[in-house]
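Participant: Chain order of the listed sequences is A and H. Read left to right, the first sequence gives residues 9 to 323 (our numbering). Read left to right, the second sequence gives residues 570 to 621 (our numbering).
Since the hints were made in silico from the structure, they are not lab data. Among these hints, one or two may not hold up.
Distance condition first, Cα-Cα at most 25 Å in a straight line; then the derived PhoX-like pairs of lysine-lysine [unchecked claim]:
| id | chain 1 | residue 1 | chain 2 | residue 2 |
| --- | --- | --- | --- | --- |
| 1 | A | 50 | A | 15 |
| 2 | A | 22 | A | 50 |
| 3 | A | 140 | A | 106 |
| 4 | A | 323 | H | 615 |
| 5 | A | 323 | H | 592 |
| 6 | A | 202 | H | 598 |
| 7 | A | 21 | A | 106 |
| 8 | A | 164 | A | 152 |
| 9 | A | 204 | A | 15 |
| 10 | A | 204 | A | 164 |
| 11 | A | 37 | A | 152 |
| 12 | H | 615 | A | 243 |
| 13 | H | 615 | A | 204 |
| 14 | A | 120 | A | 106 |
| 15 | A | 27 | A | 76 |
Which chain H residues stay away from chain A? Per the calculated CB distances, all over 12 Å, these [claimed, not checked]:
| id | residue |
| --- | --- |
| 16 | 579 |
| 17 | 587 |
| 18 | 588 |
| 19 | 590 |
| 20 | 591 |
| 21 | 609 |
Now the stretches of chain A that chain H is said to cover, found in silico as 3 or more residues with beta-carbon under 8 Å [stated by the list, open to error]:
| id | segment |
| --- | --- |
| 22 | 47 to 53 |
| 23 | 245 to 258 |
Each residue gets a CB set at the ideal place from its N, CA and C atoms; glycine is no exception.
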Amino acid sequence: MTEYTEKIREISKKLLIDKSVDLIIGFRKGTVPMMNEPCFIKHPDEVGRLVWDSHCGINLANYLPNRKERIGILAKGCDSRNIAIHIVENKIKRNQIKIIGIPCRGMLDKRKIASSVSGEIVEAVEDKATVKVSGNGFSTSFDKQEMLQENCKVCKHRNPVIYDELVAEPVPEQQDVDPYEDVRRIEGLSDSEKRKFFEDLISECIRCYACRNACPLCYCPTCFVDESRPQWVGKSIEPTDTLTFHFLRAYHCAGRCTDCGACERACPVGIRVRQFTKKLNKDCFDLYGWEAGLTIDERPPLDTYRPQDPNDFIK
Amino acid sequence: MEQIGIEPGRLQFSWISSAEATKFVDVVKTITEVIRGLGPNQHFVKRLPKVA
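Construct all of the structure, not just a fragment, from the sequences and the given hints.
Facilitator: Right, here's the structure in full:
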């Protein structure tokens with residue numbers, strides 16, 4: 009995907025020069041390998057800092073809510089869906105943004121790569137199919153397909169759903185993937201096994217809220233976990249408090265989550281946070297045939313009433 | 570909620586109008602029976618003393 013970089017710079021430069029946007033939100037090279045940083049470009053001369061490769065997993069839609077400027081933003085499939093959600097939820101206006109669509113082939117799981125080599129990675133170079141990481145005394149190549157983020161492996165919307173410019177031809181969508189295989193496995197467990205599963209899952213959690221901060225959906229001025237009057241959820245790392253935080257956060261994302269994987273990517277202790285949101289994604293799909301962020305013309309199912317809405321749960 | 574291990578039946582939803590006193594009584598009775606069957610909730614109970 010590195011070949012996108014030139015095209016991205018070209019489009020960004022054009023947008024900035026003809027003053028159709030005030031700033032571009034994109035990525036620049038990070039200070040450590042496999043970690044690109046989001047950056048804001050305001051001047052046409054600065055577009056040379058923009059880069060694109062397989063380490064641009066952060067969801068840039070997170071920077072949009074309530075912005076007043078006219079913005080050019082780079083968007084992968086998932087980012088574009090989150091932008092669509094922001095538009096539907098009135099966090100940004102459609103005519104305020106220029107979406108530079110990026111057909112995505114999946115982002116790499118930096119943790120998986122790091123744990124597959126011994127020693128610290130100081131350089132990562134990629135070509136079309138492989139990524140080569142090297143450090144002190146080692147140099148290993150990996151097949152990119154093998155090292156994709158978990159959510160990218162099962163992604164069915166790699167191409168942006170809304171865009172103004174497209175940096176390359178759309179990529180083929182993955183057809184034969186089952187995004188909810190793991191959710192079904194958990195559904196099949198007994199109550200106590202489920203409990204055990206989720207308690208084990210969050211046992212490492214340090215309540216840093218990085219998952220919330222990285223999530224484009226979490227834009228409330230004051231998050232329920234930060235409120236102290238009333239205090240909705242305890243602030244300790246007691247398992248009950250932690251579990252409450254995680255599943256309540258997931259509920260707030262119900263019918264809105266695009267499975268972009270930002271939460272998992274941000275988690276410093278590697279919790280598979282998506283196990284919470286995915287169940288709700290699956291329910292939304294099963295009950296309402298809904299996948300979040302595919303259109304800006306329809307309200308989400310949890311926001312609308314239809315007489316045929318399923319209501320078997322009401323006794 | 571059931572996905573994270575709450576027993577089916579412990580959480581129930583019902584729609585009762587303010588005029589439906591008898592329905593309210595019925596629902597409370599049924600739910601009480603179900604919950605009695607399930608026993609005290611062991612999940613989502615804090616073991617640490619409350620500090621904050």
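Participant: Determine for every hint whether it applies to the structure shown.
Facilitator: Going through the hints against the structure:
1. With a C-alpha separation of about 18 Å, the suggested pairing of residue 50 of chain A with residue 15 of chain A holds against the 25 Å cut-off.
2. With a CA separation close to 12 Å, the supplied pair residue 22 of chain A and residue 50 of chain A stays within the 25 Å bound.
3. With a C-alpha separation of about 34 Å, the suggested pair residue 140 of chain A and residue 106 of chain A falls outside the 25 Å cut-off, and the hint is violated.
4. About 29 Å separates the Cα atoms of residue 323 of chain A and residue 615 of chain H, which puts this hinted pair outside 25 Å; it is violated.
5. With a CA separation close to 11 Å, the supplied pair residue 323 of chain A and residue 592 of chain H stays within the 25 Å bound.
6. For the hint linking residue 202 of chain A to residue 598 of chain H, the alpha-carbon distance of about 29 Å lies beyond 25 Å, and the restraint is violated.
7. Taking the CA atoms of residue 21 of chain A and residue 106 of chain A, the gap is near 13 Å; set against the 25 Å cutoff, the hint holds.
8. As the CA atoms of residue 164 of chain A and residue 152 of chain A are separated by approximately 18 Å, the hinted pair is consistent with the 25 Å bound.
9. Distance hint between residue 204 of chain A and residue 15 of chain A is unfulfilled; the C-alpha atoms sit about 49 Å from each other, more than 25 Å.
10. Taking the CA atoms of residue 204 of chain A and residue 164 of chain A, the gap is about 31 Å. The hint is violated against a cut of 25 Å.
11. Taking the CA atoms of residue 37 of chain A and residue 152 of chain A, the gap is about 19 Å. The hint holds against a cut of 25 Å.
12. Taking the CA atoms of residue 615 of chain H and residue 243 of chain A, the gap is near 12 Å; set against the 25 Å cutoff, the hint holds.
13. Proximity of residue 615 of chain H to residue 204 of chain A is assessed by CA-CA distance (about 16 Å); at most 25 Å being required, the pair is judged to hold.
14. In summary, the hint linking residue 120 of chain A to residue 106 of chain A is not supported, as the alpha carbons are separated by about 34 Å, beyond the 25 Å threshold.
15. Annotation: proposed proximity of residue 27 of chain A to residue 76 of chain A holds, straight-line Cα distance about 15 Å (limit 25 Å).
16. The beta carbon of residue 579 of chain H is not kept farther than 12 Å from every beta carbon of chain A, the shortest such distance being approximately 10 Å.
17. With a closest Cβ-Cβ approach of about 17 Å to chain A, residue 587 of chain H is found to remain outside the 12 Å limit, as its non-interface label requires.
18. The Cβ of residue 588 of chain H lies farther than 12 Å from every Cβ of chain A, with a closest approach of about 17 Å, so its non-interface assignment holds.
19. With a cut of 12 Å on Cβ distances, residue 590 of chain H stays outside the contact zone with chain A, its closest approach being about 17 Å.
20. Distance check for residue 591 of chain H against chain A: the nearest CB is about 15 Å away, which clears 12 Å, and the non-interface claim stands.
21. Against chain A, the non-interface label of residue 609 of chain H holds: every CB pair exceeds 12 Å, the least being about 15 Å.
22. With 0 residues having a Cβ less than 8 Å from any Cβ of chain H, the segment 47 to 53 of chain A misses the three-residue criterion, and the hint is violated.
23. Given a C-beta distance limit of less than 8 Å, the hint that chain H covers the segment 245 to 258 of chain A holds, as 6 residues qualify and 3 suffice.
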